[in-house]
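Colleague: The primary structure of each chain is shown beneath.
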Amino acid sequence: MPDHDTERNHARELLRQALGDNGVDFRDGQWEAIDTLVNRRRRLLLVQRTGWGKSAVYFISTRILRDRGLGPTLIVSPLLALMRNQIEAAERLGIRALTINSTNRDEWADRAQDILNDRGDALLISPERLANDEFVSQVLLPIAGGIGLLVVDEAHCISDWGHDFRPDYRRLINVLRQMPPNMPVLGTTATANNRVLEDIHSQLGDIEVQRGPLARETLALQTIRLPDQAARLAWLAEHLPQLPGTGVVYTLTRRDAERVSKWLNQNGIPARAYYGGVEAEGFPDSDAYRRFLEDSLLRNEIKALVATTALGMGYDKPDLGFVIHYQAPGSIVAYYQQVGRAGRAIDYAVGVLLSGREDQEIQDYFRETGFPHERDVSAILEALEQSDGLTMRQIEQSVNLHYGQIEKVLKFLSVDSPAPILKDGPLWKRTPVAYRMDHERIERLTHQRIQEWRELQEYVDCQDCLMLSLCGALDDQQRQPCGKCSRCLGRPVVGEDFPLRLAVDAARYLKHSEIPLECRRQTAAGAFPEDGLPVNLPAEFRAEVGRILSRWGDAGWGQLVADDKHANRFRDELVEAVAEMIRERWQPEPAPTWVTCVPSGDHPELVPDFARRLAQRLGIRFLAAVTKLRDNEPQKLQRNRYHQCRNLDGAFGVSADVPNEPVLLVDDVVDSGWTMTVVAALLLRAGSGPVWPVGLASASTGD
Amino acid sequence: MDISAQTQTVLLLTAHFSRPLKGEARPLSTAEWGRLEAWLKGRESPPESLLNGNPARSLTGWIDRTVTLERVQCLLSRAGTLGLAMEKWQRAGLWVLARSDVGYPDRLKKLLSLDSPPLLFGCGSRNLLNKGGIAVVGSRDAAGEDLAFASRLGWSAASQGLSIVSGGARGVDEAAMLGALEREGTVVGVVADGLLRAATSAKYRQGLMGNNLVLVSSVYPEAGFDVGNAMSRNKYIYCLSDAAIVVSSTRDRGGTWTGAVENLNRRWVPLWVKADLNGSSGNGELVRRGAHGLPDGELELRSLFASAEFASSAHSMPELFDRPPISCGTARNSSGDASPSPVASDNTPGGHSHTTPSTAKVVEPAETEGLYSLFLRRLEALTTNDPATADQLLRHFDIVKAQLSHWLTRAVDEGIVMKLRKPVRYQWQTGRPRQRSIFGGD
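Chains as they are written, first to last, in the numbering used here: chain A, 1 to 703; chain B, 1001 to 1442.
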């Protein structure tokens, strides 16, 4: 065995090779970390800020372990790909790094074969891959020579309420617990306070922790309270162009990401929306487009990505000039995680947290929907108990739950250990594990989230150095005020004002956020015995692409729609808004010559009254051509396609003498779109002209 | 459940975690592990010391023809794989016991000593493993009457407070087990493959969740069918019971026969056979070799338990029962091998016949059945869940393409296998009566 100094020198040579720099030496802690992994073969948690050189630790360790004949390194990371500088470092060390994730599905077979043939030194996979039993058994279990080193990137997620954030990390921790002590494991994170560390410790037991300072000296922080969305949009349009370099604007929802991005572009600021599932024409799937967006920002081809938290984990752009929060994140840890990406390798960057009126509501919503309802859980477990396994489609038929809700329950249940359910190929199976919902845990986590939200509020209103406040929340004992933030300076880092003209534009923009309404094309099999609608609706039974004025309860018109629905009369302002939308922007062609509406049993006058006034405003006639034949259950209680279709069968009748002319079909709140689809089909079958569906608000939970 | 470092060591050294691959280090056999374990014990070095630091140092002085240092090191390097596999199995509610673990059945250690399985994977109430009971064995393709008989045995055991011990296979095993579970009786199922699938099946769910059933397997929970495993599973069934009943068997063929003969030779537990008038049945011959014929009518099952000459008797039941006053049936053969003692025929050295190996030698299926049956058996394991393409099958079976096509065509014609299109794949037809078992019965 070579002595310690010789080993260190050898490792230093590898570092120089990796960085292509003959003058460098290890940073504090880097060699110690490598030594812990390759010689003492221990478990180590590295808490170091982004850019400190965590990947150098695992690549050099990989080189050493591979040279000793051990198996490849498995890197579990939410990153879709290694960052360019990491790939270069790996290549200089002669490490063949392979990636298997959702972006390169067509390469899986080849990569798996590479792994089986021992042609890879490091394999980067996402936590989702690791949580996929099929992938594990086909690719990971057969890895030649076993796994030499396991790296868990963003290891704080192990403790970060995995259930709605990264549920797959809950799975990961159980894998770690099952691994014998001769398996070296490296966890890395840039955001872990004492509570998180204690939690990881209590879950993993024997793990060493190495921790460095987290403060980012180049970052100037600021917080601004701007309750109105219009004000924040105006602020962005005014100040974004002046911010250094390129950066990220964080929103809480996908819808807001789209909305802000569109607004910025209208104001001449090149921006793109980025979130899980974002798609664009010309890209095979969402992940490919996300990679493209990430690269666009890396290459500074756009001013900003407007992103949800889907962007952030592991995204390492050395010259990120700014991170703006359009809405406040749920906790300080989350905030540091996001803002800490800025200013890594540049002299100056800004981090501004805008806090709005709706933040609280959105956070409440996240908190309330963080866990599935017990009755939904029971319904699904009961369905599975009666069988040897069910597919998603079969579950949908046996329980009246939204597809997304079912998925959420399945995910929630399947990351427990032991878990009451197990996925076997396409089938979900009930395991013989007794199940009781852990209410204590749910309550504890919910309470913790309330506490964290409070801490975030304190940060927004903090009167002292903001960087000190952040580091304090992360239990990093910084002593010196940063001297850069708005509090240290005693004046704003970025101005808080904006011209009134922009605010008026933004308000109008928010009110013109109408949404296209596409009716369905495929019904659920066997759901329409009475109406006799086929599974594939033929073109002559399909409505045209319609419009929905607003989102239910949203800034803009959505709040008015919600208020008025409860008051049982839609105000004239909404009639005006819809008429303006139709005439000024939508302009359907052939233009409707008459108006009809979807009847309702509960509020027989609400929608017809509105439709009548709209017809009058448009100068065309109103005909109550559609009638309710039976009292069905409210459509909003139908949670998935099968039940939504089934509930509408035989519910509506259409009068025999409908005019063979284009018609505007009005409803108030559009949820799944099934009602519009079915009524339009019935109208068309009865001989009407083209049907233009129009709704006041969308209650779709698709975002 | 967190697994002890010692059990983790045994897992690393003796268990598969997925389907074996070419060129992969072979996990140690029971005998090989026995040698290494004894050597470590002699050096007062616990197995888990192999996990710390340098295994080469811990194994200085170890010399073994098959268990090389390199092989041990390869096996130990599977720590990551072990974590991934165990996580899944534990998530499904499975557990694992090594011989050193509390709860590992004493019966196996006592009767089989170093031949006892190094690991037992299981699911359900493990207390049942030490409770003994009535073993019920028989063909997978038993006739209706035999199945009904097996079910009734299950009911009787349940009402008399005894466990049924069986193999979890289709046919007699399943009938006896489900019979007992229907009446809230307790059951020990020793499966030869597919523990995970059995543990998540609807038919056993209630029994497992109600602590009336334990399923165990000496091979990893996702193992496919393997003749050797099926054979060694039989001995665990006998050793976990107090007495065994053969419902149906075929002379000189299949697992039921081999297992029953082995039990007679090893004198684990008293063996009883159901009277069978069918000429091809092996039951009569088993009686000639020392088994007892079951009396007609209501059975007091405890009366079947061991007398002193059985290995199991020392720890069977608190109250020892007299040797049951039942004659050994009528069909004695004329060879003079008709001792009243169930074990006399093999009592003297050299008394072994070629069909009754004294060690756990396995009868190769090819000797007793056509290769086509073996092919089907493997095909069932491979394609019950997921269909496979001809290319995948070709790689798996490593036979010439013409032979594979011939067999596949035949299997499709016989309705055993479904041919799927776009792309062409083959899948086992579940829910149809399966092919004749190589484990006898007919």
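It is possible that part of the hints are untrue.
[To be verified] Stretch-level coverage of chain B by chain A, calculated; a stretch enters the list once three of its residues show a Cβ under 8 Å from a Cβ in chain A:
{"#": "1", "segment": "1086-1100"}
{"#": "2", "segment": "1142-1153"}
{"#": "3", "segment": "1174-1185"}
[As the list claims (entries may be wrong)] Simulated pairs of lysine to any residue, SDA-like, Cα-Cα distance not exceeding 20 Å:
{"#": "4", "chain 1": "B", "residue 1": "1022", "chain 2": "A", "residue 2": "391"}
{"#": "5", "chain 1": "B", "residue 1": "1022", "chain 2": "A", "residue 2": "106"}
{"#": "6", "chain 1": "A", "residue 1": "262", "chain 2": "A", "residue 2": "27"}
{"#": "7", "chain 1": "A", "residue 1": "423", "chain 2": "B", "residue 2": "1387"}
{"#": "8", "chain 1": "A", "residue 1": "423", "chain 2": "B", "residue 2": "1202"}
{"#": "9", "chain 1": "B", "residue 1": "1022", "chain 2": "A", "residue 2": "119"}
{"#": "10", "chain 1": "B", "residue 1": "1422", "chain 2": "A", "residue 2": "410"}
{"#": "11", "chain 1": "B", "residue 1": "1203", "chain 2": "A", "residue 2": "387"}
{"#": "12", "chain 1": "B", "residue 1": "1131", "chain 2": "B", "residue 2": "1160"}
{"#": "13", "chain 1": "B", "residue 1": "1203", "chain 2": "A", "residue 2": "391"}
{"#": "14", "chain 1": "B", "residue 1": "1422", "chain 2": "B", "residue 2": "1373"}
{"#": "15", "chain 1": "A", "residue 1": "423", "chain 2": "B", "residue 2": "1391"}
{"#": "16", "chain 1": "B", "residue 1": "1422", "chain 2": "B", "residue 2": "1400"}
{"#": "17", "chain 1": "B", "residue 1": "1401", "chain 2": "B", "residue 2": "1420"}
{"#": "18", "chain 1": "B", "residue 1": "1022", "chain 2": "B", "residue 2": "1102"}
{"#": "19", "chain 1": "A", "residue 1": "423", "chain 2": "B", "residue 2": "1401"}
{"#": "20", "chain 1": "A", "residue 1": "411", "chain 2": "A", "residue 2": "133"}
To be clear, the hints were calculated from the coordinates, so they are not data collected in a lab. All C-beta atoms, glycine included, are put in the ideal place defined by N, C-alpha and C.
Colleague: With a cut-off of 20 Å on the C-alpha distance, tell me whether residue 1401(B) and residue 1420(B) pass.
Modeller: holds (19 Å)
Colleague: Taken at face value, is the distance from the CA of residue 1400(B) to the CA of residue 1422(B) at most 20 Å?
Modeller: violated (24 Å)
Colleague: Do three or more residues from the segment 1142-1153 of chain B put their C-beta atoms closer than 8 Å to C-beta atoms of chain A?
Modeller: violated (count 0)
Colleague: Can you confirm whether the C-alpha distance between residue 423(A) and residue 1387(B) stays at or below 20 Å?
Modeller: holds (17 Å)
Colleague: Taking only the CA atoms, is the gap from residue 1022(B) to residue 391(A) under or equal to 20 Å?
Modeller: violated (34 Å)
Colleague: Has the given pair, residue 1131(B) with residue 1160(B), been kept, meaning a C-alpha gap of at most 20 Å?
Modeller: holds (14 Å)
Colleague: Given the hint that residue 262(A) pairs with residue 27(A), does the C-alpha gap stay at or below 20 Å?
Modeller: Answer violated: residue 262(A) to residue 27(A) is near 43 Å, above 20 Å.
Colleague: Is residue 423(A) within 20 Å of residue 1391(B), Cα to Cα?
Modeller: Between residue 423(A) and residue 1391(B) the Cα gap is close to 26 Å, so the pair fails against 20 Å, i.e. violated.
Colleague: Do the alpha carbons of residue 1422(B) and residue 1373(B) lie within 20 Å of each other, as the hint requires?
Modeller: Given pair residue 1422(B), residue 1373(B) is violated - Cα atoms ~28 Å apart, limit 20 Å.
Colleague: Does residue 1022(B) pair with residue 1102(B) here, judged by a C-alpha cut-off of 20 Å?
Modeller: With a Cα-Cα distance of about 35 Å, the restraint between residue 1022(B) and residue 1102(B) is violated, given a limit of 20 Å.
Colleague: Verify the proposed pairing of residue 1022(B) with residue 106(A), using a straight-line Cα cut of 20 Å.
Modeller: With a Cα-Cα distance of about 26 Å, the restraint between residue 1022(B) and residue 106(A) is violated, given a limit of 20 Å.
Colleague: Is the hinted pair residue 1022(B) and residue 119(A) satisfied, with a Cα-Cα distance of at most 20 Å?
Modeller: Holds, at roughly 16 Å.
Checked against the numbered hints given earlier, the structure breaks hints 2, 3, 4, 5, 6, 10, 14, 15, 16, 18 and 19 and satisfies all the rest.
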